[in-house]
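Protein chains: 2
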Amino acid sequence: MEINTSNYIRDARLIDRIVSAKDAASWIKDGMTLGLSGFTRAGDAKAVPTALIERAKEEPLKVNIYTGASLGSDIDKLMAEVGMVNKRIPFQADSTMRKSINQGELLFVDQHLSHMAESIRAGALGPIDYAIVEAVAISADSMIIPTTSIGNSSIFVEKAKHIIVEINTAQPQGLEGLHDIYETGNQGERSPIPLTKVSDRIGTLGIPVDTDKIVGIVFTHQIDSASTIVQPDEETQTMANHLISFLRKEVEAGRLTNKLAPLQSGIGSVANAVLHGLIESEFTDLEVYSEVLQDAVFDLIDAGKVSFASCCSITLSDEKMKQVYSNLDQYKDKLMLRPQEISNHPEIIRRLGLISINTALEVDIYGNINSTHVSGTHMMNGIGGSGDFARNARLAIFVTKSIAKNGNISSIVPFVSHVDHTEHDVDVIVTEQGYVDLRGLAPIERVPLIIENCAHPLYRDQLWEYYNEAKTRGGQTPHVLEKAFSWHINYKKNGTMLEKALN
Amino acid sequence: MEINTSNYIRDARLIDRIVSAKDAASWIKDGMTLGLSGFTRAGDAKAVPTALIERAKEEPLKVNIYTGASLGSDIDKLMAEVGMVNKRIPFQADSTMRKSINQGELLFVDQHLSHMAESIRAGALGPIDYAIVEAVAISADSMIIPTTSIGNSSIFVEKAKHIIVEINTAQPQGLEGLHDIYETGNQGERSPIPLTKVSDRIGTLGIPVDTDKIVGIVFTHQIDSASTIVQPDEETQTMANHLISFLRKEVEAGRLTNKLAPLQSGIGSVANAVLHGLIESEFTDLEVYSEVLQDAVFDLIDAGKVSFASCCSITLSDEKMKQVYSNLDQYKDKLMLRPQEISNHPEIIRRLGLISINTALEVDIYGNINSTHVSGTHMMNGIGGSGDFARNARLAIFVTKSIAKNGNISSIVPFVSHVDHTEHDVDVIVTEQGYVDLRGLAPIERVPLIIENCAHPLYRDQLWEYYNEAKTRGGQTPHVLEKAFSWHINYKKNGTMLEKALN
Numbered sequence: 000m001e002i003n004t005s006n007y008i009r010d011a012r013l014i015d016r017i018v019s020a021k022d023a024a025s026w027i028k029d030g031m032t033l034g035l036s037g038f039t040r041a042g043d044a045k046a047v048p049t050a051l052i053e054r055a056k057e058e059p060l061k062v063n064i065y066t067g068a069s070l071g072s073d074i075d076k077l078m079a080e081v082g083m084v085n086k087r088i089p090f091q092a093d094s095t096m097r098k099s100i101n102q103g104e105l106l107f108v109d110q111h112l113s114h115m116a117e118s119i120r121a122g123a124l125g126p127i128d129y130a131i132v133e134a135v136a137i138s139a140d141s142m143i144i145p146t147t148s149i150g151n152s153s154i155f156v157e158k159a160k161h162i163i164v165e166i167n168t169a170q171p172q173g174l175e176g177l178h179d180i181y182e183t184g185n186q187g188e189r190s191p192i193p194l195t196k197v198s199d200r201i202g203t204l205g206i207p208v209d210t211d212k213i214v215g216i217v218f219t220h221q222i223d224s225a226s227t228i229v230q231p232d233e234e235t236q237t238m239a240n241h242l243i244s245f246l247r248k249e250v251e252a253g254r255l256t257n258k259l260a261p262l263q264s265g266i267g268s269v270a271n272a273v274l275h276g277l278i279e280s281e282f283t284d285l286e287v288y289s290e291v292l293q294d295a296v297f298d299l300i301d302a303g304k305v306s307f308a309s310c311c312s313i314t315l316s317d318e319k320m321k322q323v324y325s326n327l328d329q330y331k332d333k334l335m336l337r338p339q340e341i342s343n344h345p346e347i348i349r350r351l352g353l354i355s356i357n358t359a360l361e362v363d364i365y366g367n368i369n370s371t372h373v374s375g376t377h378m379m380n381g382i383g384g385s386g387d388f389a390r391n392a393r394l395a396i397f398v399t400k401s402i403a404k405n406g407n408i409s410s411i412v413p414f415v416s417h418v419d420h421t422e423h424d425v426d427v428i429v430t431e432q433g434y435v436d437l438r439g440l441a442p443i444e445r446v447p448l449i450i451e452n453c454a455h456p457l458y459r460d461q462l463w464e465y466y467n468e469a470k471t472r473g474g475q476t477p478h479v480l481e482k483a484f485s486w487h488i489n490y491k492k493n494g495t496m497l498e499k500a501l502n
Numbered sequence: 000m001e002i003n004t005s006n007y008i009r010d011a012r013l014i015d016r017i018v019s020a021k022d023a024a025s026w027i028k029d030g031m032t033l034g035l036s037g038f039t040r041a042g043d044a045k046a047v048p049t050a051l052i053e054r055a056k057e058e059p060l061k062v063n064i065y066t067g068a069s070l071g072s073d074i075d076k077l078m079a080e081v082g083m084v085n086k087r088i089p090f091q092a093d094s095t096m097r098k099s100i101n102q103g104e105l106l107f108v109d110q111h112l113s114h115m116a117e118s119i120r121a122g123a124l125g126p127i128d129y130a131i132v133e134a135v136a137i138s139a140d141s142m143i144i145p146t147t148s149i150g151n152s153s154i155f156v157e158k159a160k161h162i163i164v165e166i167n168t169a170q171p172q173g174l175e176g177l178h179d180i181y182e183t184g185n186q187g188e189r190s191p192i193p194l195t196k197v198s199d200r201i202g203t204l205g206i207p208v209d210t211d212k213i214v215g216i217v218f219t220h221q222i223d224s225a226s227t228i229v230q231p232d233e234e235t236q237t238m239a240n241h242l243i244s245f246l247r248k249e250v251e252a253g254r255l256t257n258k259l260a261p262l263q264s265g266i267g268s269v270a271n272a273v274l275h276g277l278i279e280s281e282f283t284d285l286e287v288y289s290e291v292l293q294d295a296v297f298d299l300i301d302a303g304k305v306s307f308a309s310c311c312s313i314t315l316s317d318e319k320m321k322q323v324y325s326n327l328d329q330y331k332d333k334l335m336l337r338p339q340e341i342s343n344h345p346e347i348i349r350r351l352g353l354i355s356i357n358t359a360l361e362v363d364i365y366g367n368i369n370s371t372h373v374s375g376t377h378m379m380n381g382i383g384g385s386g387d388f389a390r391n392a393r394l395a396i397f398v399t400k401s402i403a404k405n406g407n408i409s410s411i412v413p414f415v416s417h418v419d420h421t422e423h424d425v426d427v428i429v430t431e432q433g434y435v436d437l438r439g440l441a442p443i444e445r446v447p448l449i450i451e452n453c454a455h456p457l458y459r460d461q462l463w464e465y466y467n468e469a470k471t472r473g474g475q476t477p478h479v480l481e482k483a484f485s486w487h488i489n490y491k492k493n494g495t496m497l498e499k500a501l502n
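Going down the list, the protein sequences come from chains A and B. Going by numbering that gives the first Met the number 0, the first sequence opens with residue 0, and the numbers climb by one from there. Going by numbering that gives the first Met the number 0, the second sequence opens with residue 0, and the numbers climb by one from there.
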């Protein structure tokens, strides 16, 4: 395919900076720090990282990798395989890299997604040598037009010493016009972020760039990795129904209207099932203010249920990608992409009063949440934006199935083995058993409700047994520290958290 | 003393609502919810609660008590003694009430101080029957002028069904003009909070009130309880020096200037020592944006070091109270009191980029913080504003002495027995041993630094022993769950966390 480069590079001075991915990768030196575009498999820089992985197979090379969130195109997997990552920030979701992290082969800093730009701006994360960002174009007025995610690209572009742009001609050109880039400025010198409605445009259509810093432009033609949506099973559907019942009750109590409040939902099949559940519901004129938009949000837009959706990344299944990207025009006035600092900003989350739905790994009887660590030690993916949202939302809702591994793991435990969200920040917990509304409840009021409404019947007696013993010791948050982690220890030893094994 | 009531009640229609505290207290019914003014012993409603306590001695009476934070005048203590509290939100600091809480005699909801107004506004905490707020006056234009704290008074006044005003003629009239009352409005309908500088005035001089709701006005004449400042000992002084060294390094690294950034400091002798340490330092033109101002901030103002201090409460020692309150004029252009929702608001904390200094009870080797629960079960005071600040500050600093109880307790433990601030939200830890800067570090990078720089030498080998065993099990955050709480268990059994007892 012949490419008319001037369609994509509209500043003629930059045309001669076109290079191959291999050449661009050759500039990167051992020990450098790279800021890569990419958030949940969307909009990631693809060619240069791949070329760098090839180099790392041939020569000693370790770099620090900063991104928006998880990458697609197997980049995290391949980087982990060749062992080229020294430090990885702030999120990843690849099973091979996960293994490397848990074996201590690479350093992983699990950071709130809204905090990374602030850390970089404050100079707390060290200099970034190369920003490598995917774009649909570089505009005539010196802006990089991102593709399907923005993530941390704007802060990388602003702060990096050098910039490599990957122009991906496989990404729909129609993305141009959907971005809204806003830079907060330094702490202590900034104005209020002027966003008061989900649909407000507050910034520029692209990332303003000092073109002198662009050292290379690489043309690529490769679509994003498709998201792998897990279809809802009976239990996820039940959870979605519970959650919708809860929302309905909030409307009845006069705390919400049928318009609800802007919705944020993490990635996952429950969140997806909840959103799908809204299609057939009485709720209407909904808005989404989230990190990632998955298939369900577009279905809601198509059904006329969602009037506007703001995000920092669009991650779709193969089929949905085809449908949406060949009809982007029909979403143009209903869609906006923002930097993750803005999509996840406490100022905005609190102002808009989001309803936030995220997944828990483990919940304890007092409502503390573990989102990240299996058995308190092994990293799953990372906290992502769940903390950004839960701490500031109108309603911080966490969902999890009550059991896993055929009943050998209870998601409701006496004491979570790692705390990502404290009892202070959790409003509602939903499992397939039911839900609890923890607002305004003291810890000892929460216990019976969590056990009876959320725990699996298999584990209720065991939870009561723990709590009844704990109560004899007194306190605001009664515990038997000797037994607090006995369930996890039992699982490790005997393959089950059940005191009396199932078979 | 003859009081000219019209000086204090400037709306003539309200003069006939003057009642005795006893009469006002008689209106309160069993099961009601009261919203009391008061934050850290300052500006609390004194007479009506005291009269209510007298009533509760004679007849069965249980009420829910919502406040700004802790109360003075022994109100919490006396209420706990007569057993008249059903539920207490969001903070307290009285030893008698603490005991009642830990014995399960009253329900305590330990809530972020900035969240309470939002919870009330959202209808998540149920209706408030009576707001009882202390004032220096009711203005001619229908505003309640608070006294030495604002706390949650403005939201109580707005949302309560009825209002009782306690006009305290012992509070300095000069307080009038120092308040700045701002109401955010409902989530989803509100504008950005227009505060961009510590000294910005954004609201009204008093709490706007629907005077029809004022059912009683009680005159009182009783000064606030004095704060009990603990003089710095050698160790607190050393901690203050470490913290100042850290700030100096930040200036050297170009991340701060000699003006630093607006300071927030919790109550406590270390915070106080740090602030005092700034008097002799090179830092200058400082600002304070905090919940509570204690003596040290006024010393800094007097020394010409602090140019402006914003707070929601002023809590002074006896001596300082006399000095400050008889010379309020000289502080008038350097001081402002705001509702706790605004003094602790994430939007403002992040925008201004505060340096936040709070006290930890316990820190673990990965940087998680316990601020509230002794041995994971027994409530100390509450999380207060520490979470509001730590989660959004430019620098979230936690201070604690490395040991307690003559060395039998280590404040640095393998696994904190309760988590109030997660590893994601803690930047710097200071003990008398030294400090660690955790920014940008993976969990396993933090461990050696926390052990070597912060733990007491008595416990370093024991911490290494735990961590070395944990490491053999792998993971992002290695732990030996069987032994995670063994130190706490050992302390309970043997009175020491040391494996080999000291004597």
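Since the hints were derived computationally from the structure, they do not count as laboratory data. The beta carbon of each residue, even a glycine, is placed where N, CA and C say it ideally should be. There could be a bad hint or two in this list.
[Claimed, not checked] Taking lysine to aspartate or glutamate pairs in the EDC-like style, the calculated list, with each CA pair at most 20 Å apart, reads:
no., chain 1, residue 1, chain 2, residue 2
1, B, Lys196, A, Asp436
2, B, Lys86, A, Glu188
3, A, Lys404, A, Glu182
4, B, Lys98, A, Glu444
5, B, Lys492, A, Glu182
6, A, Lys482, B, Glu182
7, B, Lys491, A, Asp284
8, A, Lys333, A, Asp284
9, B, Lys61, A, Asp284
10, B, Lys86, A, Glu481
11, A, Lys196, B, Glu279
12, B, Lys492, A, Glu444
13, A, Lys86, B, Glu182
14, B, Lys258, A, Glu481
15, B, Lys470, A, Asp284
16, B, Lys196, A, Glu188
17, A, Lys98, B, Glu182
18, A, Lys196, B, Glu481
19, A, Lys258, B, Glu481
20, B, Lys482, A, Glu53
[What the hints assert, rightly or not] Residues of chain A placed beyond 12 Å of chain B at every Cβ, according to the derived structure:
no., residue
21, Gln102
22, Arg120
23, Gly187
24, Leu204
25, Lys331
26, Asp419
27, Arg438
28, Ala469
[To be verified] The calculated label-pair distances, taken between Cβ atoms and stated as ranges, are:
no., chain 1, residue 1, chain 2, residue 2, range
29, B, Pro126, A, Val250, 14 to 20 Å
30, A, Gly494, B, Glu444, 46 to 52 Å
31, A, Asn240, B, Pro126, 28 to 34 Å
32, A, Lys258, B, Lys61, 46 to 52 Å
field: Proposed proximity, Glu481 of chain B with Lys258 of chain A (alpha carbon, max 20 Å)
entry: The given pair, whose Cα atoms are some 49 Å apart, is violated under the 20 Å limit.
query: Given the hinted pair Lys61 of chain B and Asp284 of chain A, is their alpha-carbon gap at most 20 Å?
result: violated, 44 Å
- prompt: Between Lys482 of chain B and Glu53 of chain A, does the CA-CA distance stay at or below 20 Å?
  reply: violated, 44 Å
- request: Could you check the hint for me, namely that Asn240 of chain A and Pro126 of chain B are 28 to 34 Å apart, CB to CB?
  value: holds, 30 Å
task: Measure nothing beyond the straight line between the CA atoms of Lys482 of chain A and Glu182 of chain B; if it is 20 Å or shorter, mark the hint as holding.
output: Status violated; Cα separation ~47 Å.
- prompt: Regarding the pair Lys98 of chain B and Glu444 of chain A, is the alpha-carbon distance no greater than 20 Å?
  reply: holds, 18 Å
message: Please check whether the beta-carbon of Arg120 of chain A is more than 12 Å away from every beta-carbon in chain B.
response: violated, 10 Å
message: Would the hint linking Lys86 of chain B and Glu481 of chain A be met if the CA-CA limit is 20 Å?
response: Violated, at roughly 30 Å.
- prompt: Is it true that the CA of Lys258 of chain B sits at most 20 Å from the CA of Glu481 of chain A?
  reply: violated, 49 Å
query: Would Leu204 of chain A pass as off the interface with chain B, using Cβ distances and a cut of 12 Å?
result: Nearest chain B Cβ is 23 Å from Leu204 of chain A, so the label holds.
query: Non-interface claim for Ala469 of chain A: all C-beta distances to chain B beyond 12 Å?
result: violated, 8 Å
query: If you draw a straight line from the CA of Lys196 of chain A to the CA of Glu279 of chain B, is it 20 Å or shorter?
result: Between Lys196 of chain A and Glu279 of chain B the Cα gap is close to 48 Å, so the pair fails against 20 Å, i.e. violated.
Comparing the model with each numbered hint stated earlier shows that hints 1, 2, 3, 5, 6, 7, 9, 10, 11, 12, 13, 14, 15, 17, 18, 19, 20, 21, 22, 23, 26, 27, 28, 30, 32 do not hold.
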